[in-house]
Amino acid sequence: MHLCFTAEVMKPKDRTVARRYSYRSVLPTVLVAGVLLPFFFIRAAFLALDAGCLRWKLGPRFFRAGDPSMELVKELRMAFMDENGMGPVVVDQKAVDSAPDTLEGLIAEMAASTSNYNQNMDVRAFIRKTKAMLMKMEQNMKSSKLQGLIYRHLASIGIPKSMHCLTLLLAEEYTVNSLARSSLPPPEYASRLTHGSYIHIALLSDNILAASVVISSTLTSSANPENLVFHIVTDKKTYSAMHCWFALNPIFPAVVEVKGLHQFDWPADVNALVMETIEEIHWSSLAHHQHNGINEEYKRLEALNPSAFSLLNYLRIHLPELFPKLNKVIFLDDDVVVQQDLQSLWDLDLKGHVNGAVIAGEVVDDGHHHCMGKKYEDYLNFSNPILSSSTLGSEKQKCAWLGGMNVFDLQAWKRSNITRTYQHWLKQNRESGFHLWRAGPRPPGLIAFNGQVHQIDPSWHLSGLGRRMPEHELLQTSAVIHFSGPRKPWLEIGFPELRSLWQIHINYSNEFVRSCKVRE
3 MHLCFTAEVM KPKDRTVARR YSYRSVLPTV LVAGVLLPFF FIRAAFLALD
53 AGCLRWKLGP RFFRAGDPSM ELVKELRMAF MDENGMGPVV VDQKAVDSAP
103 DTLEGLIAEM AASTSNYNQN MDVRAFIRKT KAMLMKMEQN MKSSKLQGLI
153 YRHLASIGIP KSMHCLTLLL AEEYTVNSLA RSSLPPPEYA SRLTHGSYIH
203 IALLSDNILA ASVVISSTLT SSANPENLVF HIVTDKKTYS AMHCWFALNP
253 IFPAVVEVKG LHQFDWPADV NALVMETIEE IHWSSLAHHQ HNGINEEYKR
303 LEALNPSAFS LLNYLRIHLP ELFPKLNKVI FLDDDVVVQQ DLQSLWDLDL
353 KGHVNGAVIA GEVVDDGHHH CMGKKYEDYL NFSNPILSSS TLGSEKQKCA
403 WLGGMNVFDL QAWKRSNITR TYQHWLKQNR ESGFHLWRAG PRPPGLIAFN
453 GQVHQIDPSW HLSGLGRRMP EHELLQTSAV IHFSGPRKPW LEIGFPELRS
503 LWQIHINYSN EFVRSCKVRE
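3 is the number of the first residue of the sequence shown in this note's numbering; add one for each residue after it.
Hints may be right or wrong, so weigh each one.
Okay, derived cross-link-like pairs now, BS3-like style, lysine-lysine, Cα gap no bigger than 25 Å in a straight line [to be verified]:
id : residue 1 : residue 2
1  : Lys239    : Lys261
2  : Lys238    : Lys327
3  : Lys353    : Lys377
4  : Lys429    : Lys400
5  : Lys261    : Lys327
6  : Lys353    : Lys400
7  : Lys238    : Lys163
Bear in mind the hints are in silico, worked out from the structure with no lab data behind them.
Let the hints inform the model, and build the full structure from the sequences given.
The following block contains the structure:
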């Protein structure tokens with residue numbers, strides 16, 4: 003009896019629990035259904051559209067005679083055709099501009115259209131509007147992407163106000179302070195400028211602060227700084243400020259000379275050679291911005307890039323003319339930091355080659371050379387017959403050497419045809435409509451120095467710090483780190499983790515640096 007009573011008492015309780023569970027599950031079920039059903043509806047609609055596209059292509063032959071869906075297929079096929087029944091629905095730009103921006107807007111517009119005309123939705127109109135909306139979304143996405151590229155590009159080439167201020171203050175100081183105009187180097191050290199027993203380091207730069215970091219880091223890393231001679235070549239507008247900085251901030255025991263391009267007095271034949279390059283850069287710059295065959299979006303970006311046609315970037319091909327009395331020179335870009343003594347680099351035997359450079363990413367496996375880094379084909383357009391039919395055509399898989407930290411045998415360079423080859427290919431690219439490579443001095447340099455490069459140890463040069471974060475071990479062991487890429491250490495967009503490697507070589511106690519509030 004006791005068991006029976008217990009069972010009878012428990013039955014109503016079970017029914018109550020069941021009812022309570024049923025009531026509690028209603029609300030979540032409704033919510034889930036409310037979320038999923040629209041998704042399934044839209045998915046089914048797009049599947050139907052895809053099926054319509056397929057049936058429009060296949061036509062009635064896809065179905066058996068007497069198939070009950072034949073009429074539906076015919077209607078769908080007509081819906082996916084234009085008004086003349088001659089092909090798929092075509093959407094003009096005017097329809098794209100007036101298309102809704104979102105799927106919700108499309109549904110609302112079609113619902114309003116159906117309500118206003120009191121008729122079923124026109125499938126062809128729905129397809130046309132959907133296609134117009136998708137085309138509009140694609141155009142907006144491309145426009146936003148281009149705008150983002152332009153903004154990043156502007157951020158990478160802009161001159162910080164502090165650096166602009168520094169140039170202006172130094173130029174003013176040059177005019178009022180006789181000490182700022184003193185000889186560089188002092189007359190008693192002038193003989194070092196051409197003496198072969200010293201290490202000669204060349205920079206072509208219009209960035210005063212960057213040039214000072216290169217020199218400061220080189221001095222700090224040198225075991226014998228008294229053996230260093232720096233040669234800075236700059237343009238006319240920057241000369242007075244650059245000269246003022248190094249006149250007021252001597253780098254003794256090393257010496258430095260600063261020369262503007264307007265101060266070179268070449269013989270007639272050398273002057274003609276240099277002027278040929280300058281004129282080619284001038285005409286190429288004009289033609290590049292006027293040429294109609296280049297992609298407009300690319301033109302807009304290239305037009306904003308001052309380095310693409312920077313005269314100083316191209317004049318490095320004239321190092322033998324800039325330093326006619328030197329046999330050898332180490333060339334450094336102004337966006338490098340030197341971390342080790344350069345004496346052993348200077349002492350390298352180039353084996354008769356002109357250019358000592360790091361070839362990044364080259365791996366030797368069973369006697370075969372494989373390139374894991376950038377190749378010639380990454381810089382040059384080998385699909386163009388002018389390049390593919392040249393002697394370089396078979397070497398598109400060849401690893402590209404790194405620029406920005408090189409040792410040059412200037413005597414071997416003078417005996418070669420490198421400069422003339424460079425000028426020839428500059429002209430070829432302009433006459434081809436700039437289809438051989440993107441604007442810049444690097445690609446013709448690869449062509450001109452082909453076969454004249456002596457590979458040096460990769461630990462000498464770590465590049466790409468303006469594009470990516472390298473491994474910590476490489477940062478510590480590399481002799482020269484190179485901030486190649488858009489994210490320069492003096493810009494806001496530079497990597498904060500790497501900026502300190504550059505900033506430690508700036509003298510923030512300097513009165514001009516303080517006055518211009520150069521960021522620490």
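Quiz item: Quick one, are Lys353 and Lys400 close enough, alpha carbons at most 25 Å?
Solution: holds, 20 Å
Quiz item: Do the alpha carbons of Lys353 and Lys377 lie within 25 Å of each other, as the hint requires?
Solution: Given pair Lys353, Lys377 holds - Cα atoms ~23 Å apart, limit 25 Å.
Exercise. Verify the proposed pairing of Lys429 with Lys400, using a straight-line Cα cut of 25 Å.
Key: Holds, at about 24 Å.
Quiz prompt | 25 Å Cα cutoff - pair Lys238, Lys327 | solution = Roughly 23 Å separates the two Cα atoms, so the pair holds.
Quiz item: Given the hinted pair Lys238 and Lys163, is their alpha-carbon gap at most 25 Å?
Solution: holds, 21 Å
Quiz item: Within 25 Å, alpha carbon to alpha carbon, are Lys239 and Lys261?
Solution: holds, 12 Å
Quiz item: Are the Cα atoms of Lys261 and Lys327 separated by 25 Å or less?
Solution: Measuring from Cα to Cα gives roughly 15 Å; hence the hint holds.
The structure is consistent with each of the numbered hints, conforming to all of them.
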